[in-house]
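K.L.:
Below, each chain spelled out in residue letters.
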Amino acid sequence: MSDSVELYSKAVLDHGRHPRNRRVIADCSHSAKSDNPLCGDDLSVPLRIDQNDVICEAGFDGRSCVLATASASLMTEMLVGKTPAQAKMLFQRFHALAAGDAEKLNGGMDVEATQMTVLAGVHAYPARMKCATLAWKTMLAALENERNQQ
Amino acid sequence: MKAVAEEIERQGALERIDGGSFASACHSPAGCGDHAGFYDVEAVRADFPILEETMHGYPLVYLDSAASAQKPFMVMEAEYAFYAREYANIHRGFYVLSQRSTERYDQARRVVKEFLNARHEHEIVFTRGATDAINLVAASFGEAFLKEGDEVLLTGLEHHSNIVPWQFLREKRGIVLKAAPVNGAGEVPLDEFIRLLGPRTRLAAFAHVSNVLGTVLPIAEMIRAAHEAGAKVLVDAAQSVAHSKIDVQTLDCDFLVFSGHKLYGPTGIGVLYGKEELLDAMPPYQGGGDMIASVSLERTTYAPLPAKFEAGTPPIAQAVALGAAIDYVTALGLDRIGAHETGLLAYATERLSAIKPLTIVGTAQRKASVLSFVMDGVHPHDIAQMLDGRGVAVRAGNHCAQPLMTRLGLPATVRASFGLYNTAAEVDALAEALEEVEVVFLQ
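From first to last, the protein sequence lines stand for chains E and D. The numbers in numbering that gives the first Met the number 0 rise by one with no breaks, and the one at position 53 of the first sequence is 52. The numbers in numbering that gives the first Met the number 0 rise by one with no breaks, and the one at position 132 of the second sequence is 131.
For the record, the hints were derived by calculation from the structure and aren't laboratory data. By construction, the Cβ of each residue, glycine as well, lies at the ideal position given by its N, Cα and C atoms. Be careful, since some hints might not be right.
SDA-like cross-link-like pairs, simulated, lysine to any residue; straight-line CA separation at most 25 Å [said to hold, decoys possible]:
no.	chain 1	residue 1	chain 2	residue 2
1	D	K355	E	L12
2	E	K9	D	H55
3	E	K129	D	C399
DEER-style ranges, computed between Cβ atoms [as the list claims (entries may be wrong)]:
no.	chain 1	residue 1	chain 2	residue 2	range
4	E	S8	D	E52	25 to 31 Å
5	E	D109	D	V438	34 to 40 Å
6	E	R22	D	P356	22 to 28 Å
7	E	D49	D	G148	54 to 60 Å
8	D	N116	E	L12	52 to 58 Å
Only chain E is shown next, with the shape it has when bound in the complex (with noise of 0.2 Å):
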């Protein structure tokens, strides 16, 4: 399938079907649930920061396009070790590949841009930004929504 195949990857493919971090993190500090009514996807995304402001474990459940999950799987590999405000720029850099402005992605082609540019097919594909950006949305909103205020 010519053009499929750019956006199914074999990585894609793989985090997709083998997630990383698909979990529920008990004593996250902080969590958000999107859905997509549309497709009928609901995705939540917990994350737990420590007193250093560093996010030491990041993780997603519910149910997604392999898409989708294959983002929220590639995102929470790259989000431990970084603060919020680093968090919030590399989604940034993220939604500037997916929407295909690679030139934004600034500061060329380091580990993390490689990581991302595994879903750098989407851009091809307008109706799936949604998909791709689901879990990164999510992340954002559970950078804002700290538990104990829940």
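Starting from the known structure of chain E, arrange chain D on it as the hints suggest.
P.N.:
Chain D only, in chain E's frame:
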């Protein structure tokens, strides 16, 4: 392949002899028979320019006619010719062009009247679509005649367009909404529907055909039962009008709605049929030009039917083109179209049933040419995306029918739907692409 197509057509012929629209599905596309072709599908396909397009290097296999049907060039030509030679605003024009335009618009109404076998032309109201028509009835009939505690009975498989307008009315009038339940096969059992009809039921509003599952509802019996309970009936024929002949006098429904674009016609036009005495008694829906008899700043009197419900400049060219679309399907024959599609549905059901991880959703005894399915372990969106890579256009999601999806316990399905131009070879393309999905995602 040819043998299969011929067999499908033969089966269709048998069903046509059996009589009745929505013939039950045949289950044996294999084998052979005589050449009782309904129509030359290849010749019909030549009428649809878009079918020559390729997608990602593959021929377009358009299996989304339930969302919107493609247009034959006769429909495009009708709109073009009207704009090119006959267009002006209608009514009250003192010049010949306006009179000609008015005549063409009125003629389109006559075509719809004949198509539905309505008693009068003025029982046909042009709207923006089926959604607009339901909103019209909910606002006009609903607000004028329904009181707090009155009941409107729907079914559990309605499109959002036959749910939300009634919820608006509930907000305004305090009516009670009920929904006849859907069984595991995706049918609305008649006795359950009848059980929910009560002394307060003022209106029953239901789809003729489910847009998600293709279920054909027993509307004749439902209409009779609703009338016996003293309720009026609105039939949402958006999904049936392109597949089976509808006779509003035989059905005796009080309202019936459909959209032009699902009937191989243009977007932006639809039809509300309503019985004369009801439309007469109902207040206008929107205020504006054309719907009035006289206006002073103190008081306005309204125009007679159907102008009372057609405020403002209507979609004139679209009405003309809808007339051309109706002429097109009528010439081909709705019973022949229905039989052709029934054959395709049966063949598709058989091909897709052979794909192990695939489950067909909706196994009603009577189905129109809609096939919903899910695949174990693959999200419907990923399936649709992969099919697109093979040029196969299907829809994935909740199909604007969330209550039904909740009932089925599914977040989404993939839906393939067939129109008069689809072929058995296209069903093969669908099945082969699905087999590839299985390889890529599950092996």
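K.L.:
Tell me, in ascending order, the numbers of any earlier hints that this structure violates.
P.N.:
none
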